[in-house]
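Chemist: In case you want the letters, here they are:
There are 2 protein chains.
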Amino acid sequence: MPAGRRAGPTHTRQEILDAARDAFAVRGYDAVSLRAIARQAGVDPALVHHFFKSKSELFATAMQLPIDPKPFLTALLAGERDTLGIRLVHALVELWDRPAGFQGFLGLIRGAVSHDDAALLLREFVTREILGPIATAAAPDTPQTRAALAGSQIVGLAMARKIARIEPIATADPAWLAATVGPTIQHYLTAPLPPSRKRRA
Amino acid sequence: MPAGRRAGPTHTRQEILDAARDAFAVRGYDAVSLRAIARQAGVDPALVHHFFKSKSELFATAMQLPIDPKPFLTALLAGERDTLGIRLVHALVELWDRPAGFQGFLGLIRGAVSHDDAALLLREFVTREILGPIATAAAPDTPQTRAALAGSQIVGLAMARKIARIEPIATADPAWLAATVGPTIQHYLTAPLPPSRKRRA
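So the protein lines, in turn, are chains H and V.
For the first sequence, my numbering begins at 13 and goes up steadily by one.
For the second sequence, my numbering begins at 13 and goes up steadily by one.
The hints are simulated quantities; they were obtained by calculation from the structure and are not laboratory data.
There could be a bad hint or two in this list.
For identical chains, the list gives no copy identity; a pair is met inside one copy or between any two copies.
To be verified - In silico lysine-lysine, DSS-like type, Cα no more than 30 Å apart, as pairs:
#, residue 1, residue 2
1, K210, K65
2, K174, K82
3, K65, K82
4, K210, K174
As the structure is a prediction and not an experimental result, all values here were calculated from the model.
Isolated chain H, as found in the complex (with noise of 0.2 Å):
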């Protein structure tokens, strides 16, 4: 057989990819469990694991995302909860301006903007994998109204610094913003809010 032609590790580790993004791409981030993408690929789900440790890992690789948000978060939660908003602008915009470290959330947002289906995908994998657990370790109590406040600024950043590219925010040092837009994210993060509120129907 010629060498590493549909049988070698890589081409398994590529498939599990594969059917990974299309059950994330149709169900969502929550809905999908690592054995049910090992069924989807063909393969025992032991093998899935081999190749990534977690979920988030396995979503990671598949989109493209520049980092394995888990290790990314535990190093955030390890310092000071009051400097927590100012941290986490400074590492994602540096993540963001690594080569290649747009793409993969770009793929994201450009989905979000034109599908149900990839709106879901990010809203579900923003909530559980980055704000959700960065919210109710600063302040428990509401943490999906903080996840949600925290996340509207964060999208919105990206898309003034990496997509519509408005000035200074696209130039500014990262420093910078994070001195300019981390203390809103620390205020939605540990802030007393006003009681959440339905919209009368």
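Using the hints, position chain V against chain H.
Modeler: Just chain V now, kept in the frame of chain H:
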């Protein structure tokens, strides 16, 4: 001649709108003049002025925005400066929530995430006609910086409420969103900000 074909005012108005959409898509907002649109539509510039009071009104109509930004801003800026952020968020959310009220903005945002030309258009229109005038009226120092920061939060809020539909933002009462996100906008428009710094090359 059959009634209304190729000659009536409805047809001329439509030709002007088609020419405007083409011109804005290719050249952005700032570089396009009513005179150039008239030339492209093959009509006298006076006729463009007959149908549309201003470039902003022509743009809003061509892009299916729910209102002309000029009278919207005049009303907004007539109120108290201390409540500008809260009133802006409240007014925008109510506008987006109208039937078809978000359609035009969605088109602008979809375009911006897919094409650089459309990103230029979104950036120039929002800066020139909406956030620039607000920032200049609110705090005449560094209006571009303030407009960009406020814009980042507003675009992110639109994404969270209307596109990704993240709860509780998606179904929150407009007054609650105004009370929660309005102070962020007010801060960006009027509070002291760290001096702007460029990224090191």
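Chemist: Now tell me if each hint is right for this structure.
Modeler: Structure-based check of all given hints:
1. For the identical chains of this complex, K210 and K65 are neighbours neither inside a copy (39 Å) nor across copies (38 Å), given an alpha-carbon limit of 30 Å.
2. In this assembly of identical chains, the alpha carbons of K174 and K82 lie at most 30 Å apart whether taken from the same copy (23 Å) or from different copies (28 Å).
3. Taking the shortest alpha-carbon separations for K65 and K82, only the intra-copy value of 10 Å comes in at or below 30 Å, while the best inter-copy value is 54 Å.
4. In the homo-oligomer, the alpha carbons of K210 and K174 lie at most 30 Å apart only across protomers (15 Å), although the nearest pairing inside one protomer, at 33 Å, exceeds that limit.
In this structure, only the earlier hint numbered 1 is contradicted, and the remaining ones agree with it.
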